[in-house]
Amino acid sequence: MKFFSFRWKLLSVIVSVLILALILFSLLINIYEKNLLLKLSSEKGKIVNDTIFNNLEILMDTGSKLQIYDLLEKHFTDEIVSVSIIDLGTGKIVYSSVRENENGMIPGEMLERIREIKVRLPTISITANKSRFFYSYIGKNFFDLEGDFYSEIIYSEKKIYDSIAGQTKQIFLISFVILVIGFLASFFFGMIINKPVETLILGTKEIGNGNLDYNIPLRTSDEFGKLAESFNRMSQNLKFAQKQVIVKELMERDIKLAQDIQNSLFTKELPKSEFLDITTHYEFARVIGGDYYEVLTKDSTTAVLVADVSGKGIPGSLIMVMLRSLIKSLFYQENDLKELMLKVNHLLMRDITPGKFVTLLMAQIAEKTGQVSILNAGHLPLYKYDAAQKKVVEINPGGLGLGLNDGIIFKENMKLAQDELREGDIYLFCTDGVTEAMNPNKEQFGEERLKQAIIDNHDGTSADILEAVKREVRNFLIGEELHDDFTMVVLKKKKGGLNG
Amino acid sequence: MANLDIRPEDKNGVMILHLKGFLDAYTFQDFENRLSELIGENKVKIVVAMDELDYISSAGLGVFMSKIGEIRSRGGDIKLTQLNTKVFKVFELLGFTKLFQTFDNIQEALESF
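Heads up: the sequence lines are chains V and L, in that order. Numbering of the first sequence is given in this note's numbering, commencing with residue 432 and proceeding in unit increments. Numbering of the second sequence is given in this note's numbering, commencing with residue 7 and proceeding in unit increments.
For reference, chain V alone in the conformation it holds in the complex (with noise of 0.2 Å):
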């Protein structure tokens, strides 16, 4: 793993880099050197060849050798260069600057192409084949001395090569040095870069970890540094937002505790009743609903009530605690329905924050005359399916919502409706989040569409008029959520009783 950590990376590339650009530089010199080498002999060529023209006659004398050196011997000194001149008559090596050839002769076969070429080219000329330059002076005055020579000056391509592989070795030794430095520098470099990498992998994993208190130590004004502090930032607001899904988990268990104390104050089991077939029903809109219903009876009396805080949440179903309490224990007590909730709305008045009230619809049913009280505190009137008309009328008469006003305005307004049950009659209570349940297209399921339900379902119980109403609005919303708390009670007048 370390082999291929952001280090090692690094050298890597900075080495092959300094590779290729040596390769690079060490090539142009080659071609540069050897260019410069070819020069150079070339035009020593030509100076010894001048030299070896100017001075014939001494070259002639073979007694003055001595002199021959010293003209033609500063020339030569590298060895790249070397000259040799030839008595053409005879074959012998008169002088050569490699000294072991002198006094030596050509072979035969190399004199007679020496010749030859005298024949063709009685001129001055310059001739080059590929292993070797040579410059040739076969000139006149030359030829016309006694005996003829041959100069024939050799440029070794060997020599040269020898002297550009000395320097290319130099090269390579200051490449080399050049390399250990790079390979030395990108490897403290890597240091410098990966001492804060490796703080900020530390760092990473400790958050990683969970310890969101963890402060990556590193405090440089470069990239690194602002990394490291954007780490620490996001760890702090991590830390932040994991306080709050916190407080949001215990809210969430508040309130479900909160629903669930809720739901066991509905009436679960309902009164066993000889006349009466009831089914009740509720879903919240949110997890904590502001509607309320119950069914009581006393001696032999039912009341059903179907209640609507207003405003949802924990406010709204904290007043339909208060609420409830209050019912549960005022209706054993007061037998008059205006008079229960006089008192109802005057207790809650003193409790209830401005602005929040409750709707209330409530009946009470004489069960074994089927006699109903009916009282209504501006909540939506009570549906009748009157069996004997075969229609659904409205009971309603009239109220003020409770917490609204506990003075004469309220009392006044407080009726009671009277009403008779007979066998088939169906009475429906519900809260708004029936009627106004929404659909996308924003339209209501309104009054109209529930009493069409309860016409079309009148024959079945309470509980297939209830399922019926629920699978219309359920296909009125097309797939919409309710807005509102959703609660109904259907009850229906059984066989029996002095009416029935």
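There could be a bad hint or two in this list.
[Claimed, not checked] Straight line, CA to CA, 35 Å or less: simulated DSBU-like cross-link-like pairs of lysine-lysine: (1) V:K821 <-> V:K882; (2) V:K901 <-> L:K26; (3) L:K92 <-> V:K901; (4) V:K699 <-> V:K679; (5) L:K95 <-> V:K759; (6) L:K92 <-> V:K882; (7) L:K17 <-> V:K626; (8) V:K882 <-> L:K104; (9) V:K882 <-> V:K799; (10) V:K873 <-> L:K95; (11) V:K821 <-> L:K95; (12) V:K822 <-> V:K729; (13) L:K26 <-> L:K104; (14) L:K92 <-> V:K769; (15) V:K842 <-> L:K95; (16) V:K729 <-> L:K104; (17) V:K699 <-> L:K95; (18) V:K626 <-> V:K636; (19) V:K687 <-> V:K699; (20) L:K95 <-> V:K769; (21) V:K699 <-> V:K842; (22) V:K774 <-> L:K95; (23) V:K873 <-> L:K17; (24) L:K104 <-> V:K846; (25) V:K774 <-> V:K657; (26) V:K523 <-> V:K465; (27) V:K470 <-> V:K600; (28) V:K703 <-> V:K901; (29) V:K846 <-> V:K774; (30) L:K92 <-> V:K774; (31) L:K17 <-> V:K523.
[As the list claims (entries may be wrong)] What follows is a list of derived Cβ distance ranges for each label pair: (32) V:Q673 <-> L:G27: 38 to 46 Å; (33) L:G27 <-> V:I909: 21 to 29 Å; (34) L:Q113 <-> V:K774: 38 to 46 Å; (35) L:R80 <-> V:K699: 46 to 54 Å; (36) L:G46 <-> V:T630: 51 to 59 Å.
[Claimed, not checked] Okay, the calculated bits of chain V under chain L, using three or more residues with CB under 8 Å as the criterion: (37) 448 to 460; (38) 786 to 794.
Treat the hints as calculated values from the structure; they're not laboratory data. Virtual Cβ for every residue (Gly too), placed ideally from N, Cα, C.
Assemble the complex: chain V is given as a structure, and chain L must be docked to it using the hints.
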């Protein structure tokens, strides 16, 4: 989600608030804040024009109840005008028409102050 548009109009010291759209659980806060601002500025003679109000829920009605006490104690009032049938039904059902004066047009409401 439906919106509520509140357009205020100052008519010789009486504030007319023209409501448009939905006054429900999602928008009632805007309306309540506006009423609080008016109370803060001691502009407590208020006419709420509802000819363009499509819907009012119990949360919306709650706003009127939560503010009316303070407004009346400062010598002001809230008068309601041009309630359409649907909105009027909601007000009447709850008994609000017993607690607030309603008018067919703004002029009558202004003259009632």
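Hints and how they fare:
Proposed proximity of V:K821 and V:K882 is supported: the alpha carbons are some 11 Å apart, at most 35 Å. The suggested pairing of V:K901 with L:K26 holds, with an alpha-carbon distance near 31 Å, which does not exceed 35 Å. At most 35 Å may separate the alpha-carbon atoms for a hinted pair to count; L:K92 and V:K901 meet this at roughly 23 Å. Proximity of V:K699 to V:K679 is assessed by CA-CA distance (about 30 Å); at most 35 Å being required, the pair is judged to hold.
At most 35 Å may separate the alpha-carbon atoms for a hinted pair to count; L:K95 and V:K759 meet this at roughly 31 Å. The straight-line distance between the Cα atoms of L:K92 and V:K882 is roughly 18 Å, inside the 35 Å bound, and the hint therefore holds. Between L:K17 and V:K626, the direct Cα distance comes to roughly 73 Å. Violation of the 35 Å bound is thereby established for this hinted pair. Distance restraint check for V:K882 and L:K104: the Cα-Cα separation of roughly 28 Å lies within the 35 Å cut-off, and the hinted pair is therefore satisfied.
For the given pair, V:K882 sits about 27 Å from V:K799 by alpha-carbon distance, which is consistent with the 35 Å threshold. For the hint linking V:K873 to L:K95, the alpha-carbon distance of about 18 Å falls within 35 Å, and the restraint holds. For the proposed pair V:K821 and L:K95, the alpha carbon gap of about 26 Å is at most 35 Å, so the pair holds. Our distance criterion of 35 Å between C-alpha atoms is met by V:K822 and V:K729, whose separation comes to about 30 Å.
A distance of roughly 24 Å separates the Cα atoms of L:K26 and L:K104; the hinted pair therefore holds under the 35 Å criterion. With a C-alpha separation of about 28 Å, the suggested pair L:K92 and V:K769 falls inside the 35 Å cut-off, and the hint holds. This hinted pair checks out: V:K842 and L:K95 have alpha carbons roughly 21 Å apart, not beyond 35 Å. For the hint linking V:K729 to L:K104, the alpha-carbon distance of about 34 Å falls within 35 Å, and the restraint holds.
Straight-line distance between C-alpha atoms of V:K699 and L:K95 comes to about 34 Å, which keeps the hinted pair within the 35 Å bound. Proximity of V:K626 to V:K636 is assessed by CA-CA distance (about 15 Å); at most 35 Å being required, the pair is judged to hold. A hinted pair counts as satisfied when its Cα atoms are at most 35 Å apart, and V:K687 with V:K699 qualifies at roughly 19 Å. This hinted pair checks out: L:K95 and V:K769 have alpha carbons roughly 23 Å apart, not beyond 35 Å.
About 33 Å separates the Cα atoms of V:K699 and V:K842, which keeps this hinted pair within 35 Å; it holds. Among the hinted pairs, V:K774 with L:K95 is consistent with the structure: their alpha-carbon atoms are about 27 Å apart, no more than 35 Å. At roughly 34 Å between alpha-carbon atoms, V:K873 and L:K17 fall within 35 Å of each other, so this suggested pair holds. At roughly 14 Å between alpha-carbon atoms, L:K104 and V:K846 fall within 35 Å of each other, so this suggested pair holds.
Distance check on the hinted pair: V:K774 and V:K657 sit about 69 Å apart at the alpha-carbon level, beyond 35 Å; violated. Restraint check for V:K523 and V:K465: the C-alpha separation of about 33 Å stays at or below 35 Å, so the hint holds. The hinted pair formed by V:K470 and V:K600 meets the criterion: a straight-line CA distance of about 22 Å does not exceed 35 Å. A hinted pair counts as satisfied when its Cα atoms are at most 35 Å apart, and V:K703 with V:K901 qualifies at roughly 24 Å.
Distance check on the hinted pair: V:K846 and V:K774 sit about 15 Å apart at the alpha-carbon level, within 35 Å; holds. For the hint linking L:K92 to V:K774, the alpha-carbon distance of about 31 Å falls within 35 Å, and the restraint holds. Distance hint between L:K17 and V:K523 is unfulfilled; the C-alpha atoms sit about 137 Å from each other, more than 35 Å. The hinted window of 38 to 46 Å between V:Q673 and L:G27 holds, with their beta carbons roughly 39 Å apart.
A hinted range of 21 to 29 Å for the beta carbons of L:G27 and V:I909 is consistent with their spacing of about 22 Å. Range check, L:Q113 to V:K774: about 43 Å between beta-carbon atoms, so the 38 to 46 Å window is met. One distance hint, 46 to 54 Å for the beta-carbon pair L:R80 and V:K699, holds here, with the actual separation near 48 Å. At roughly 55 Å, the beta carbons of L:G46 and V:T630 sit within the given window of 51 to 59 Å.
With 0 residues carrying a beta carbon less than 8 Å from a beta carbon of chain L, the region 448 to 460 of chain V misses the three-residue requirement, and the given coverage is violated. For the region 786 to 794 of chain V, the stated coverage by chain L is satisfied: 4 residues place a CB nearer than 8 Å to a CB of that chain, which reaches the threshold of 3.
Violated hints, listed in ascending order, are 7, 25, 31, 37; each of the other numbered hints is respected by the structure.
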